[in-house]
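*Asks:* Got chain A; can you put chain B on it based on the hints?
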Amino acid sequence: MGQVKLMKGNEAFAEAVIRAGCDAYFGYPITPQSEVLEYLAAQEPHKRTGMVLLQAESEVAAINMVYGAAGTGKRALTSSSSPGISLKQEGISYMVGAELPCLILNVMRGGPGLGTIGPSQADYFQATKGGGHGDYKVIVLAPSSVQEMADFAGLGFELAFKYRNPVLILSDGAIGQMMEKVELSEQQPRTTSFDQSWVTTGKSPDRERNIITSLNLDPSKMELHNRKLQAKFAGMQENEVRYERIDCDDAEYLIVAYGSCARICQKTVKLARQKGIKVGLLRPITLFPYPTKIIQEMTGKIKGILTVELSAGQMVEDVRLAADGKVKVAFYGRMGGTTPAPNEVLGVLEQQFLNS
Amino acid sequence: MNEEIIIAGFGGQGVLSMGKILAYAGMMQQMEVSWMPSYGPEMRGGTANVTVILSDERISSPILNQYDTAILLNQQSLDKFEPSVKPGGILIFDPNGITRPPQRKDIQIHQVEAATEASRMMSSKTFNMIVLGAFLKLKPIVTLENVVHALQDSLPARHHHLIPANEEAIKRGMEIIRKVS
Chain A
1 MGQVKLMKGN EAFAEAVIRA GCDAYFGYPI TPQSEVLEYL AAQEPHKRTG MVLLQAESEV
61 AAINMVYGAA GTGKRALTSS SSPGISLKQE GISYMVGAEL PCLILNVMRG GPGLGTIGPS
121 QADYFQATKG GGHGDYKVIV LAPSSVQEMA DFAGLGFELA FKYRNPVLIL SDGAIGQMME
181 KVELSEQQPR TTSFDQSWVT TGKSPDRERN IITSLNLDPS KMELHNRKLQ AKFAGMQENE
241 VRYERIDCDD AEYLIVAYGS CARICQKTVK LARQKGIKVG LLRPITLFPY PTKIIQEMTG
301 KIKGILTVEL SAGQMVEDVR LAADGKVKVA FYGRMGGTTP APNEVLGVLE QQFLNS
Chain B
1 MNEEIIIAGF GGQGVLSMGK ILAYAGMMQQ MEVSWMPSYG PEMRGGTANV TVILSDERIS
61 SPILNQYDTA ILLNQQSLDK FEPSVKPGGI LIFDPNGITR PPQRKDIQIH QVEAATEASR
121 MMSSKTFNMI VLGAFLKLKP IVTLENVVHA LQDSLPARHH HLIPANEEAI KRGMEIIRKV
181 S
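For the protein sequence lines, the chains are A and B, in the order given. For what it's worth, this note's numbering labels the leading residue of the first sequence as 1, then goes sequentially. For what it's worth, this note's numbering labels the leading residue of the second sequence as 1, then goes sequentially.
Excised from the complex, chain A in its bound form (with noise of 0.2 Å):
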């Protein structure tokens, strides 16, 4: 049992990445999510555990950063919201080539262009679908408590290394701002227990050079590449599949919602149940690996699917491609930086299945 304290997402978030024994953060601030590296600055990580906390001169330098970190082998990672996570898809999509574990943050705001500082999920396609160039995955957890702040900084890490690939935490400016209670895990020694055998560290007469890079200029080794890329891809969709089923046993109709639509729509959710409507919350944990299949067995079971975003309806899109026409996907979003009220989903919910 870990201490419990009431602390904002972002702060349990960064106090969480101190615990889990990161070795770097190297940011540039943007609200919603300055208090991360507000929090870490004022607990001067270096003398705490002898983490590297530093501020960058932009995203693009934050991201490089991180990059000449993780090839040297240590836990580094850096946080933003969205126009400065754009700014980084470069150095994330070199990355993922040069087989690079790191973790990153994205407290979402609302867009497109610098847009608000509401919170919104409009980057969903650009953290799913690749984001840079090439034919890439990032592993995208999401976000709905405070709590799940502070656990994701650990798994995050634990994913990035047992994948050698960057991992993506999908949050947003609600689940950044809003205080709960959080148990905070021990602190975890800064030590390296996984493989090293591919760092830059320096070279042992007994083995050749470790290069990392991601560029490879004949197109027949470049496409050997990708295919172990993609295996590893394969890989993280048969193991890594993680989401949260609330009221599903007897559902009827299923709202399918994350971060924090999901919190809102599990209110929806009991003030359905209250007026005798049988609705059950899939919550997808994971964005990348998508959890596609629950989604396939649950289809059969159900009268209509509702997917609730802070976006104009992008993860729908895999949800319909799960349904596959079998049942009737709708779509309920808010944009620009504002939020649905959870009687409003309700409202939604009863026009697109009931009242036909």
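Bear in mind the hints are in silico, worked out from the structure with no lab data behind them. Predicted model, so just to flag it, every value in this text is computed and none were measured. Be careful, since some hints might not be right.
[Stated by the list, open to error] List of simulated lysine-lysine pairs, DSBU-like, C-alpha gap at most 30 Å: (1) B:K86 with A:K278; (2) B:K105 with A:K275; (3) A:K270 with B:K80; (4) B:K139 with A:K5; (5) B:K139 with A:K275; (6) A:K270 with B:K86.
*Replies:* This is chain B only, laid out in the frame that chain A set:
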């Protein structure tokens, strides 16, 4: 027990910290709590609000549009959130600076002259604790003892000498709250 509260007013009135103290005290009583601030442009434009939920059960949505209690400390907040109080719910306001008082007949309306009282007590910074006291008189969901503990835990040590004045302000708020309708 499940209490859904909105606290809204001017930036600087201590709206967010009042909510934080309430959430902290709830946590000390083993409740589930959430504290969801407005952090957007409205905060930078001078108004602030926070949704606080204290519950015996796991909290679903931290974002709401209907509340059991609304604590509204300026005209803009009153105009905005009076319609969001659940029928039978409670609205607490400070009449200082209010030209359009609340009108609803299906809720309980209470007033607390916290700004006037704070200046009478020569301690404008205890304004929010007077309001908190007024709320706790109506809804004693957390104990005064735990509120004081919350102040001790959440205030930096250099401000701890202010805790007795804050405790005094909470008690004063309990005394001066008055039912309007």
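*Asks:* Against each hint, give a clear statement of whether it holds in the structure.
*Replies:* Hints, one by one, checked against the model:
{"no.": "1", "hint": "B:K86 with A:K278", "in the structure": "holds (24 Å)"}
{"no.": "2", "hint": "B:K105 with A:K275", "in the structure": "holds (26 Å)"}
{"no.": "3", "hint": "A:K270 with B:K80", "in the structure": "holds (26 Å)"}
{"no.": "4", "hint": "B:K139 with A:K5", "in the structure": "holds (24 Å)"}
{"no.": "5", "hint": "B:K139 with A:K275", "in the structure": "holds (28 Å)"}
{"no.": "6", "hint": "A:K270 with B:K86", "in the structure": "holds (17 Å)"}
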